[in-house]
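Enquirer: Spelled out from the first residue to the last, the chains are:
Number of protein chains: 2
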Amino acid sequence: MLQQWKPMEKPQEEELSIRLKAAREKLQEQQMKIKEHKLPVLVLVEGWGTAGKGNVIGQLIKNIDPRFFKVASMAAPTEEERRKPFLYRHFVNIPEAGKFSFLDSGWMNEVMRARLYGEIGDEEYAARIESIKMFERQLTDNGYLVVKLFLHIGKKEQEKRIKQLSGEKDTKWRVSKNDRWQNEHYDACVKVFSSYMKDTNTPSAPWYIIDAKSKKWAELQALEFLTEGIDVALANNAMAVPILQNVFPMEKMPLLSEIDLNKSLEVDVYEKELKELQQRLGELHNRLYRKKVPVIIAYEGWDAAGKGGNIKRITGALDPRGYEVHPIASPEPHEKARHYLWRFWTRLPKTGHIAIFDRTWYGRVMVERLEGFCSENDWKRAFNEINEFEKELHDWGAVIIKFWVQIDKDTQLERFTDRQNTPGKQWKITDEDWRNREKWDLYEEAVNEMIQKTSTTYAPWHILESVDKKYARIKALKIVIEELEKVL
Amino acid sequence: MLQQWKPMEKPQEEELSIRLKAAREKLQEQQMKIKEHKLPVLVLVEGWGTAGKGNVIGQLIKNIDPRFFKVASMAAPTEEERRKPFLYRHFVNIPEAGKFSFLDSGWMNEVMRARLYGEIGDEEYAARIESIKMFERQLTDNGYLVVKLFLHIGKKEQEKRIKQLSGEKDTKWRVSKNDRWQNEHYDACVKVFSSYMKDTNTPSAPWYIIDAKSKKWAELQALEFLTEGIDVALANNAMAVPILQNVFPMEKMPLLSEIDLNKSLEVDVYEKELKELQQRLGELHNRLYRKKVPVIIAYEGWDAAGKGGNIKRITGALDPRGYEVHPIASPEPHEKARHYLWRFWTRLPKTGHIAIFDRTWYGRVMVERLEGFCSENDWKRAFNEINEFEKELHDWGAVIIKFWVQIDKDTQLERFTDRQNTPGKQWKITDEDWRNREKWDLYEEAVNEMIQKTSTTYAPWHILESVDKKYARIKALKIVIEELEKVL
Numbered sequence: 030m031l032q033q034w035k036p037m038e039k040p041q042e043e044e045l046s047i048r049l050k051a052a053r054e055k056l057q058e059q060q061m062k063i064k065e066h067k068l069p070v071l072v073l074v075e076g077w078g079t080a081g082k083g084n085v086i087g088q089l090i091k092n093i094d095p096r097f098f099k100v101a102s103m104a105a106p107t108e109e110e111r112r113k114p115f116l117y118r119h120f121v122n123i124p125e126a127g128k129f130s131f132l133d134s135g136w137m138n139e140v141m142r143a144r145l146y147g148e149i150g151d152e153e154y155a156a157r158i159e160s161i162k163m164f165e166r167q168l169t170d171n172g173y174l175v176v177k178l179f180l181h182i183g184k185k186e187q188e189k190r191i192k193q194l195s196g197e198k199d200t201k202w203r204v205s206k207n208d209r210w211q212n213e214h215y216d217a218c219v220k221v222f223s224s225y226m227k228d229t230n231t232p233s234a235p236w237y238i239i240d241a242k243s244k245k246w247a248e249l250q251a252l253e254f255l256t257e258g259i260d261v262a263l264a265n266n267a268m269a270v271p272i273l274q275n276v277f278p279m280e281k282m283p284l285l286s287e288i289d290l291n292k293s294l295e296v297d298v299y300e301k302e303l304k305e306l307q308q309r310l311g312e313l314h315n316r317l318y319r320k321k322v323p324v325i326i327a328y329e330g331w332d333a334a335g336k337g338g339n340i341k342r343i344t345g346a347l348d349p350r351g352y353e354v355h356p357i358a359s360p361e362p363h364e365k366a367r368h369y370l371w372r373f374w375t376r377l378p379k380t381g382h383i384a385i386f387d388r389t390w391y392g393r394v395m396v397e398r399l400e401g402f403c404s405e406n407d408w409k410r411a412f413n414e415i416n417e418f419e420k421e422l423h424d425w426g427a428v429i430i431k432f433w434v435q436i437d438k439d440t441q442l443e444r445f446t447d448r449q450n451t452p453g454k455q456w457k458i459t460d461e462d463w464r465n466r467e468k469w470d471l472y473e474e475a476v477n478e479m480i481q482k483t484s485t486t487y488a489p490w491h492i493l494e495s496v497d498k499k500y501a502r503i504k505a506l507k508i509v510i511e512e513l514e515k516v517l
Numbered sequence: 030m031l032q033q034w035k036p037m038e039k040p041q042e043e044e045l046s047i048r049l050k051a052a053r054e055k056l057q058e059q060q061m062k063i064k065e066h067k068l069p070v071l072v073l074v075e076g077w078g079t080a081g082k083g084n085v086i087g088q089l090i091k092n093i094d095p096r097f098f099k100v101a102s103m104a105a106p107t108e109e110e111r112r113k114p115f116l117y118r119h120f121v122n123i124p125e126a127g128k129f130s131f132l133d134s135g136w137m138n139e140v141m142r143a144r145l146y147g148e149i150g151d152e153e154y155a156a157r158i159e160s161i162k163m164f165e166r167q168l169t170d171n172g173y174l175v176v177k178l179f180l181h182i183g184k185k186e187q188e189k190r191i192k193q194l195s196g197e198k199d200t201k202w203r204v205s206k207n208d209r210w211q212n213e214h215y216d217a218c219v220k221v222f223s224s225y226m227k228d229t230n231t232p233s234a235p236w237y238i239i240d241a242k243s244k245k246w247a248e249l250q251a252l253e254f255l256t257e258g259i260d261v262a263l264a265n266n267a268m269a270v271p272i273l274q275n276v277f278p279m280e281k282m283p284l285l286s287e288i289d290l291n292k293s294l295e296v297d298v299y300e301k302e303l304k305e306l307q308q309r310l311g312e313l314h315n316r317l318y319r320k321k322v323p324v325i326i327a328y329e330g331w332d333a334a335g336k337g338g339n340i341k342r343i344t345g346a347l348d349p350r351g352y353e354v355h356p357i358a359s360p361e362p363h364e365k366a367r368h369y370l371w372r373f374w375t376r377l378p379k380t381g382h383i384a385i386f387d388r389t390w391y392g393r394v395m396v397e398r399l400e401g402f403c404s405e406n407d408w409k410r411a412f413n414e415i416n417e418f419e420k421e422l423h424d425w426g427a428v429i430i431k432f433w434v435q436i437d438k439d440t441q442l443e444r445f446t447d448r449q450n451t452p453g454k455q456w457k458i459t460d461e462d463w464r465n466r467e468k469w470d471l472y473e474e475a476v477n478e479m480i481q482k483t484s485t486t487y488a489p490w491h492i493l494e495s496v497d498k499k500y501a502r503i504k505a506l507k508i509v510i511e512e513l514e515k516v517l
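Same order as they appear, the protein sequences are chains A and B.
To convert, take the position in the first sequence, counting from 1, and add 29; that gives our numbering.
To convert, take the position in the second sequence, counting from 1, and add 29; that gives our numbering.
Read the hints as simulated data drawn from the structure, not as lab findings.
Take the hints with a grain of salt, since some may be wrong.
Facing chain B, from chain A, some residues (calculated, C-beta under 7 Å) [said to hold, decoys possible]: (1) G87; (2) Q193; (3) S195; (4) G196; (5) Y237; (6) A269; (7) L273; (8) G351.
When the alpha-carbon atoms are kept at most 30 Å apart in a straight line, the in silico DSBU-like pairs for lysine-lysine are as follows [as the list claims (entries may be wrong)]: (9) K55/B <-> K482/A; (10) K454/B <-> K482/B; (11) K482/B <-> K244/A; (12) K281/A <-> K39/B; (13) K409/B <-> K227/A; (14) K35/A <-> K482/B; (15) K55/A <-> K67/A; (16) K420/B <-> K242/A; (17) K482/A <-> K39/B; (18) K420/A <-> K162/B; (19) K482/B <-> K227/A; (20) K244/A <-> K162/B; (21) K39/A <-> K281/B; (22) K420/B <-> K409/A; (23) K64/B <-> K55/A; (24) K227/A <-> K189/B; (25) K482/A <-> K242/B; (26) K245/A <-> K482/B; (27) K189/B <-> K39/B; (28) K35/A <-> K189/B; (29) K220/A <-> K227/B; (30) K242/A <-> K185/A; (31) K39/A <-> K482/B; (32) K379/B <-> K39/A; (33) K281/A <-> K227/B; (34) K35/B <-> K515/A; (35) K185/A <-> K220/B; (36) K281/A <-> K379/B; (37) K227/B <-> K420/A; (38) K244/B <-> K482/A; (39) K50/A <-> K67/B; (40) K35/B <-> K162/A.
Glycine included, C-beta positions come from ideal geometry on N, C-alpha and C.
Assemble the whole structure, with the sequences as input and the hints as a guide.
Expert: Below is the structure:
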């Protein structure tokens, strides 16, 4: 793209000032509308070293109330970030609904460096491009405005700036090794940048190239592209987008009604096996810690199916320094204000750690679907979005184990009644549980669709028959052990 | 995409029948809504030879009122079509608002053959991909639903079908050379198809792969993808989409107010030059006919600026068998029901011919903009869409000459008054002309923006100072001659 692009003519000083004033005022006016419409705005400022990315962001935010934006400067990934999937640090920086995030260079810059320095080969590069396209599409599909700006300067201009900045004691620090490297390899960079921009130049998140030779002019272009993008986004109200076909390999799964729940274990067999399996799991936990394998265990199931007790039997075997249990309730306001997967991205384990989710991202296609917390287009899209999410985790190297804890309706009633009548257990049963129970059939239909559509070969569902909780616990332990053994 | 895709499990016969019935009924119900919402639906049915494209379309249309759809079978381009730009025969087949077009293989198949048979090299292939992405984006941006289906069968299944069909006298004709070729080069085809589908798998027009091993099952998948796509499209109401940045090289152009209109020619000089230039143009016309260069001359300008007389001086020099003048009035209902560029695509000249447009596609950013015949998002998007359209024509080899015929407001008043007072000229002046005149300043602003934003180096505007019509005519002739000489 950079190769064919020609800069617009810079307007005369007077016109420039008039347009700048108008654009600044416009951005100020748009703020309130963004808040009203709950529009999240992500502004990616990419470009050449010394092109003035920081300056452009500095000028843009002058016109925005500080409560409504965040600026994130992307330095090299920290040790912690390196132990997360590639998209992690970018996903966690997405704005809340009604607010701006400005990224002083984002995922483009990160991938470009890795590519230009030869740290990633063709295959990994292609995978990153696919991840990025998926990420940006998931954002725009879910109502985000994604504005991608690239600040462009010529080779000579960059050289001049590097010299100028290096010459002064106060500005010397602003020239990085990478800036110099870029200038020395300018033509190679143009090629790689262009091909990246062409690959990621989608209809819903297109690129805008900015002539960054003059500060004021660069600011004006950025303001005009941004305000125009906001205008378009504000004009759209809860847009529906095409539902993508599943292209991931699937496992054949039974319907819930086909599951034999008459499985049980004698107490003595249970206790013996429990002890052996927990010991084995403990050993494996050490090994995966050393081998830096991340593990994600996801629990879903009927209320009172026995998720809590099942989880306890897993964690009982683990070193507390190496795992975390995330109980997932309704989202907090700051979570509700973001992409529904955000609160799971932020809770991902580091490599070598285990994260156990007590209820999960599958809320989107169960409670959110059935209670109308999201639109039909939203939950229909979610099957694919979740398969994509788990594919990212799998490609990162994670072991993903998903449990559906299954009981029948009568068993649930027994357990509810027992909870109600046992003083120490009353906290465990709420009116909501009874209300959900009334929707059993609708939930069953939703769960069946979920299991059919998200049992990918890399992250299949495992059904735990839990009328006999002992049976379910032993089965869960065995599956966890088996899955870990595959990678250790 | 084909490589990673795995077929869904085919449902049992009973479930299949139930779902088929439901999907057929749904499509029938959607018809009326499509009509009401004026949604145009383009269904591309691509796939392997003998995969049953015709059959799937046959089944789909059984459920649609014949007044609401057209089926186009894409054979090899005709001689006539070969003399038009690559996208021509695809653009002319787009549906009207409220109707379906089914393409029994479309642009994918055409490009795939050319690619696989080695008729186009890497560069031309890359250009085609860009054209196709642009085309599909222009459709979805302008409110079209584009459903892209690919009917997939395995190598062995294809081989079996070819054998079976060839074995029977009645079906022998259905196996083409290309079908056999595909089967012999199956793996190479998979690679090329996959890469094509990946390149064109955009968020707004994604691909859907259909397991075409069984007829009924293929029909069901097609119906379900189609009806789901329609549901999503119906949920959206006049969606706004991002305005793309101009990335085409531009020429610097003056504002209308900066144009010196005091240019004139003496009658005798005019007559002498007219004669010489027309003779020269006549010669060039012969040469471009033989060299098969297509020429597009576009006239825009103020009412009474002298477009008609100017055009006459051009056509006076031309062989009537080699040109056509297209007077462009408000669109007919069947034109209004399609993409605004459709009526210009259908009027493109063949190679070696000249098409002269008296008013043009620029109506989108003048009258349609000012009279509110399209949305703000529509006309703002149009600058880029038009630059893309003209780029397609330029890449095809066309010479594009665009004239803006300029007069001042007083001159227009004089001419209007003269027309009003001269019995033979009264037909030339209407109430609308007077109404437009009242909006002179708004038009001037729109025209200035248009000229600034669409003067690409490959199709720049030429200003004809037409207070002295003689001057404007000679200037137009000289420009046409000059532009033709560049390519002859």
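Enquirer: Does each hint hold? Answer for all of them.
Expert: Checked hints:
1. For G87/A, the interface hint is violated, the least distance from its beta-carbon to any beta-carbon of chain B being 23 Å, above 7 Å.
2. Here the hint on Q193/A is broken, as its CB sits about 29 Å from the closest CB of chain B, past 7 Å.
3. Here the hint on S195/A is broken, as its CB sits about 33 Å from the closest CB of chain B, past 7 Å.
4. Hint status for G196/A relative to chain B: violated, with the closest Cβ pair at about 34 Å, above 7 Å.
5. Hint status for Y237/A: holds, given a least beta-carbon distance of 5 Å to chain B, under 7 Å.
6. Given hint, A269/A at the interface with chain B, holds; its Cβ is 4 Å from that chain's nearest Cβ, closer than 7 Å.
7. A distance limit of 7 Å between C-beta atoms decides the matter here; for L273/A the minimum to chain B is near 5 Å, and the interface restraint holds.
8. Annotation: interface hint on G351/A violated; nearest CB of chain B at approximately 34 Å, more than 7 Å.
9. Among the hinted pairs, K55/B with K482/A is consistent with the structure: their alpha-carbon atoms are about 22 Å apart, no more than 30 Å.
10. In summary, the hint linking K454/B to K482/B is not supported, as the alpha carbons are separated by about 35 Å, beyond the 30 Å threshold.
11. Our distance criterion of 30 Å between C-alpha atoms is met by K482/B and K244/A, whose separation comes to about 23 Å.
12. With a C-alpha separation of about 11 Å, the suggested pair K281/A and K39/B falls inside the 30 Å cut-off, and the hint holds.
13. With a CA separation close to 22 Å, the supplied pair K409/B and K227/A stays within the 30 Å bound.
14. For the given pair, K35/A sits about 13 Å from K482/B by alpha-carbon distance, which is consistent with the 30 Å threshold.
15. Of the supplied pair hints, the one linking K55/A and K67/A holds, its CA atoms being roughly 18 Å apart against a limit of 30 Å.
16. For the proposed pair K420/B and K242/A, the alpha carbon gap of about 28 Å is at most 30 Å, so the pair holds.
17. Among the hinted pairs, K482/A with K39/B is consistent with the structure: their alpha-carbon atoms are about 14 Å apart, no more than 30 Å.
18. With a C-alpha separation of about 27 Å, the suggested pair K420/A and K162/B falls inside the 30 Å cut-off, and the hint holds.
19. Between K482/B and K227/A the alpha-carbon distance is near 22 Å, which keeps this suggested pair within the 30 Å criterion.
20. With a C-alpha separation of about 34 Å, the suggested pairing of K244/A with K162/B is violated against the 30 Å cut-off.
21. With a CA separation close to 11 Å, the supplied pair K39/A and K281/B stays within the 30 Å bound.
22. A threshold of 30 Å between alpha carbons decides the hint, and for K420/B with K409/A the separation of about 38 Å lies outside it, so the pair is violated.
23. Between the alpha carbons of K64/B and K55/A the distance comes to roughly 38 Å, so the proposed pair goes past 30 Å and is violated.
24. Of the supplied pair hints, the one linking K227/A and K189/B is violated, its CA atoms being roughly 41 Å apart against a limit of 30 Å.
25. Restraint check: the Cα-Cα separation between K482/A and K242/B comes to about 21 Å, which is no more than 30 Å; the hinted pair holds.
26. At most 30 Å may separate the alpha-carbon atoms for a hinted pair to count; K245/A and K482/B meet this at roughly 21 Å.
27. Using a Cα cut-off of 30 Å, the hinted pair K189/B and K39/B holds, with the two alpha carbons roughly 20 Å apart.
28. Pair hint K35/A plus K189/B does not hold up; C-alpha atoms about 54 Å apart against a cutoff of 30 Å.
29. Taken as a hint, the K220/A and K227/B pair is honoured in the structure, with Cα atoms around 21 Å apart against an allowance of 30 Å.
30. Between K242/A and K185/A, the direct Cα distance comes to roughly 11 Å. Compliance with the 30 Å bound is thereby established for this hinted pair.
31. This hinted pair checks out: K39/A and K482/B have alpha carbons roughly 14 Å apart, not beyond 30 Å.
32. For the hint linking K379/B to K39/A, the alpha-carbon distance of about 40 Å lies beyond 30 Å, and the restraint is violated.
33. Straight-line distance between C-alpha atoms of K281/A and K227/B comes to about 26 Å, which keeps the hinted pair within the 30 Å bound.
34. At roughly 23 Å between alpha-carbon atoms, K35/B and K515/A fall within 30 Å of each other, so this suggested pair holds.
35. Restraint check for K185/A and K220/B: not satisfied, since their Cα atoms lie roughly 42 Å apart, outside the 30 Å limit.
36. The hinted pair formed by K281/A and K379/B fails the criterion: a straight-line CA distance of about 55 Å is larger than 30 Å.
37. The suggested pairing of K227/B with K420/A holds, with an alpha-carbon distance near 18 Å, which does not exceed 30 Å.
38. For the proposed pair K244/B and K482/A, the alpha carbon gap of about 23 Å is at most 30 Å, so the pair holds.
39. Distance check on the hinted pair: K50/A and K67/B sit about 41 Å apart at the alpha-carbon level, beyond 30 Å; violated.
40. For the proposed pair K35/B and K162/A, the alpha carbon gap of about 22 Å is at most 30 Å, so the pair holds.
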